[in-house]
Amino acid sequence: MKKSIFLGTLAVAGLAAGFVSAQTLDEVRARGNLSCGVSTGLAGFSMPDANGEWQGFDVAFCRAVAAAVLGDSTAVEFVPLTTQTRFTALASGEVDVLARNTTWTFSRDVDLRLEFVGVNYYDGQGFMVPRDLGVTSALELDGATVCIQTGTTTELNLADFFSSNNMGYEPVPVETNAEAQQQYLAGACDVYTTDASGLAATRATFEDPAGHVVLPEIVSKEPLGPLVRHGDSEWGDVARWTLNAMVAAEELGVTSANVAEMAAGTDNPEINRLLGTEGDLGGMLGLEADWAQNVIAQVGNYDEVFEGNIGASTPIGLSRGLNAQWTDGGLLYAPPFR
Amino acid sequence: MTAISEPPAESFRLSQLIYDSRYRSTTIQVVASILLLAAIYWLGRNIVSNLQDLGKDFNFGFLWQRSGYDINQRLIEYSNDSSHGRAALVGILNTLLVSVLGCITATFLGVFAGVLRLSKNWIVARLMTVYVEGFRNIPLLLWILLIFALMTEGTPQPRDFRGENPEASMILWDSVAVTNRGIFVPSPVWGDGAGLLALVFVLSLAGIWWFRRYAFARQEATGEILPIFWTSIGLLVIPTLVVYLGYSAMISKDQYPLIAAGGTEGASLVEYLEENRNPSICSVPDTAAVNLSTTLRGLEQRASIVTVSSVSEVQASLEAGDCVLAVMAPSAAETLIGSVDGVELATLSDTVDRGRPLQFERPQLAGFNFEGGAQLRNSLIALWFALSLYTGAFIAEIVRAGILAVSRGQTEAAFALGLRPNRTMNLVILPQAMRVIIPPLISQYLNLTKNSSLAIAVGYMDVRGTLGGITISQTGRELEGILLMGLFYLVTSLAISGVLNIYNNSVKLQER
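First to last, the protein sequences are chains A and B. Position 66 of the first sequence, counted from 1, bears residue number 65 in numbering that gives the first Met the number 0, the numbering being contiguous throughout. Position 407 of the second sequence, counted from 1, bears residue number 406 in numbering that gives the first Met the number 0, the numbering being contiguous throughout.
A couple of the hints might just be wrong.
Okay, the calculated beta carbon distance ranges per label pair [stated by the list, open to error]:
| hint | chain 1 | residue 1 | chain 2 | residue 2 | range |
| --- | --- | --- | --- | --- | --- |
| 1 | B | Ala31 | A | Arg28 | 25 to 33 Å |
| 2 | A | Leu138 | B | Glu132 | 51 to 59 Å |
| 3 | A | Glu52 | B | Asn136 | 34 to 42 Å |
| 4 | B | Val175 | A | Glu52 | 44 to 52 Å |
| 5 | B | Leu144 | A | Glu277 | 54 to 62 Å |
| 6 | B | Val129 | A | Leu138 | 31 to 39 Å |
| 7 | B | Lys449 | A | Glu287 | 27 to 35 Å |
| 8 | B | Asn275 | A | Gln181 | 34 to 42 Å |
| 9 | B | Leu235 | A | Leu138 | 49 to 57 Å |
| 10 | A | Glu93 | B | Ser186 | 40 to 48 Å |
| 11 | B | Phe414 | A | Gln181 | 52 to 60 Å |
Everything labelled a hint here was simulated from the structure, so no lab data went into it. Bear in mind the structure is a predicted one, so any value in this text is a computation, not a measurement. C-beta: ideal position from N, C-alpha, C; glycine also.
Just need the whole structure built from these sequences, with the hints factored in.
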């Protein structure tokens, strides 16, 4: 009896480990929903709202991929992941795509066998301190206690920043943003450091946001983007061009409000190709012809997603900055749809 | 015809493997082991092919790469330039530290609570029942989080200690600070003459051991009981104390000169500090350097000590600009000033106490935090206490069971011989109860050690936090990391049970 239970357990464990390499696109179609890895809760980026619906900038990307592949932006199963579990979950096939404000780095792309499909937010690491601490520059932080999420690039940048400036610090390792917030507000650390967007998002949820300042120093480049597994280029293309479609739609002036009208045909051949009224870009990706229409109609273009979740009119109040279109002096530049 | 004929010799048939009870068990075992081996093979091949599909290889080279992250609690030297292997070692030592501390405290708590639970005093017995039932019926993780939350939310921040009328103050004659970042306590510093002090202490220990042997032999021979306890205490304290006081009286009046790079000859320390804020000190690790840093913190300066191993290295560090202040014996200082090259050295008018053979450095508020002394971080305290209280509740039950297992007649016999209750417990009951207590106690120690991996909940950097956490997510070596971690826990557990089994063999009933 004992032995048969043991063998049964072994068999189940083996089966669960055995299916990694199938084609993701077909799998998602067969399953009827997209499994998307998001953070455990970061306001504006991925956080469940009062009704339990996931909302946010990264969540919108998951919904856009679901709209492109399945034609239904609600067919997403969100899997909250910590910084330590995210890559394992993606590599093991637990999630199809990871949209979890993850920094694109060489070693993650090459050594961890992941594939970044682009950058949806150009960010940099910043420091937040309570205003009454009287600190005005990160160079005054010698000897401070710093809350830091473990397993992140910010953890490594922090070590580099302090040692290159010949300063000491005491790290307080935390697992999630919520835990960091609690420790920081209790004063168990003097400083909280993470991506500047994350700091703004966290500060927006404080009782007294004005009592905390984000220091002027940005100590690193943090290009945040969605990513998929290495080795399934078809699926990587779907994710990459979904992101590009949202960026291109903003550039071309296609919004969720006018997409239906534009889909009837316009004078601009690039819009026609994007929306599937001319050529067969969708078919080349293995999707329906109206894939990008679905994305823009159900989720919106990049600007709508940005302004709706983290833009100046939201409590988080981020300006476009580096994330403006290239035509406006920013870094967003979608390759041509041709 | 009457002869009983032999039954016809049966030839072996295949069905006998199942239907003949002589062969059945062998058949089942062979089949089961073939299935088991096949399953192991299948899992192994699965891992290999999946790793290949992912394009990952299997190697432990990452252990020698630079880790790049910092760890707050380190028992050995470690920085972000050290390797992942070194980080794993730091984590392993942290795991062992909290396990050893936990096992010791849990044993004391458990024995105490287990004996008291049998007390005839109703209130004491019921209190212990509440403790045991409360702790062993609520998950350990909740206790860890609860104690951690109490420590973080219920204690003042370091900056509350600042100012004219601080909201919080240090306790025990300004030597201990309880903050929400941990408890800061004084730490011992060894000065000149510490070797002599240690030698005398070791000799006292040897003396105590010899005296106890002598006393027991004498009691066996004559029945006369010598006052072992008080003599031991006296031997432990008096010689060491005498040497300490004598040596202190000899050297504590000595003053060491302060040598400052780029200073004015004869200027005071305060004047020098106006030019050079937060100076770094080069020194061999001794009390004079600690006294200097204490003085500096009193002047609201942060003082980092660059530790070197000899006076000639002080010269090299000063020349390289690693530090600007040095403190040493007057004779060495003259030699240094005479031979140094490339930097202007000046002797300041202030001097520093040479110190005592053993002194305690107390924590002082400097910059953002308390500095000096030792910091018991909240994560360590929460984990240590929760593990001790939780496992202590189980040990209490084991101890109670062990005591109840000793027949009542033993107590009565001891009383009949005129032994007092505490002697009965120590000399008659507990030695016999030990035989019942030790085997389940081993499992409790193993449980405690393995439960220490819950450290992740409070950010205590144990082996799960370094090797199994940050290193895995920074390098993507999940399989290797988890295997190494599993191996570490396996080896540790086997070592604990091995050592305790040896002890168990020595106390168990000897049968001849």
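Glutamate 277(A) and leucine 144(B) - C-beta distance against the hinted 54 to 62 Å: holds, 59 Å
Satisfaction of the hinted span 44 to 52 Å by the C-beta atoms belonging to valine 175(B) and glutamate 52(A): Given about 50 Å between the Cβ atoms, the range holds.
Range agreement (Cβ of glutamate 132(B) with Cβ of leucine 138(A), hint 51 to 59 Å): holds, 55 Å
C-beta pair alanine 31(B), arginine 28(A): status relative to the range 25 to 33 Å that was hinted: With a Cβ separation near 42 Å, alanine 31(B) and arginine 28(A) fall outside 25 to 33 Å, so the hint is violated.
Range agreement (Cβ of serine 186(B) with Cβ of glutamate 93(A), hint 40 to 48 Å): holds, 46 Å
Cβ distance range 27 to 35 Å for lysine 449(B) and glutamate 287(A), holds or violated: Since lysine 449(B) and glutamate 287(A) have Cβ atoms about 53 Å apart, the given range 27 to 35 Å is violated.
Outcome of range test on Cβ distance (leucine 235(B), leucine 138(A); 49 to 57 Å): Hint holds: Cβ distance 52 Å, inside 49 to 57 Å.
Cβ separation of valine 129(B) and leucine 138(A), checked against the hinted range 31 to 39 Å: Since the Cβ atoms of valine 129(B) and leucine 138(A) sit about 54 Å apart, the hinted range of 31 to 39 Å is violated.
Cβ separation of asparagine 275(B) and glutamine 181(A), checked against the hinted range 34 to 42 Å: holds, 40 Å
Supplied distance hint 52 to 60 Å, evaluated on CB atoms of phenylalanine 414(B) and glutamine 181(A): holds, 57 Å
Beta-carbon spacing of glutamate 52(A) to asparagine 136(B) - inside the hinted bounds 34 to 42 Å or not: Holds - the Cβ-Cβ distance for glutamate 52(A) and asparagine 136(B), about 38 Å, lies within 34 to 42 Å.
In the structure shown, a violation is registered for the earlier hints numbered 1, 6, 7, in ascending order.
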